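Colleague: Sequence:
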Amino acid sequence: MRKAILEAIELIRSGHEYLVLELPTGYGKTSAGPVIFKAFREAGLCWKAIHVFPLRATLHKTLERYVEEYPGVEFAYQDGDTTLTSKGFVKDTYFRREYVLTTLDSFIHNLLRAPIGELHKLLKQGSKAIHYHVPFAYIYPSCVILDEAHVAAREESGKSMASLKVTLEVLRKAEVPVVVMSATLGDWKWEVFK
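Counting in the numbering used here, the sequence shown runs from 1105 upward without gaps.
Everything labelled a hint here was simulated from the structure, so no lab data went into it. All figures in this text were calculated on a predicted structure; none of them were measured in a lab. Hints are not guaranteed to be accurate.
Restraint ranges, calculated between C-beta atoms of paired labels, are given here [to be verified]: (1) His1235 <-> Thr1129: 36 to 44 Å; (2) Thr1129 <-> Arg1200: 29 to 37 Å; (3) Val1270 <-> Lys1225: 21 to 29 Å; (4) Ala1278 <-> Val1255: 20 to 28 Å; (5) Glu1146 <-> Lys1228: 38 to 46 Å; (6) Lys1107 <-> Gly1148: 23 to 31 Å.
Pairs of lysine-lysine residues, derived as BS3-like cross-links and limited to a Cα-Cα distance of at most 30 Å, are as follows [what the hints assert, rightly or not]: (7) Lys1277 <-> Lys1195; (8) Lys1225 <-> Lys1195; (9) Lys1142 <-> Lys1269; (10) Lys1142 <-> Lys1277; (11) Lys1195 <-> Lys1142.
Cβ atoms here follow ideal geometry from the backbone N, Cα and C, with glycine treated the same way.
Full structure from sequences and hints, please.
Modeller: Next up, the structure:
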């Protein structure tokens, strides 16, 4: 494990709940996700993890690698793709598993009362009788890892940036530990994430 990742783990163990890791591409940020989760859990700051990716392809590749590298962790995924299920991976619509990998859009929907598992009901009926509380109940005791944050924060204004800011604010107010990981934040993105 590289020096900056080890320092982040020590910060978590000493009680820090919010970290921004701006480290070079290939440094091992994504690979360290389960180790970061373990540090949070050992510090008593969470008992589950939700690892959020801006791109589905990165999620798929990472899930396959994690399952091989960390056999003692119960991994699942949440996105609209069923090909991973056909390969034997567990799909978890409501974030119930120990470590769930998801896409940013799915995470935001679940956090903001439009759960992916029941989005069809919401769109079809406009019903308020959906189980929006279920995913949030599993987000609350989790640590959230926002991976490749620079991709999610493409532009300084607009819908994607607004939803990301609201997401961070909701997580902070709910006292959910958050780690933001990126290779290239830059000035305005750094301000948003700090």
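Colleague: Sort out which numbered hints this structure fails and list those numbers smallest first.
Modeller: none
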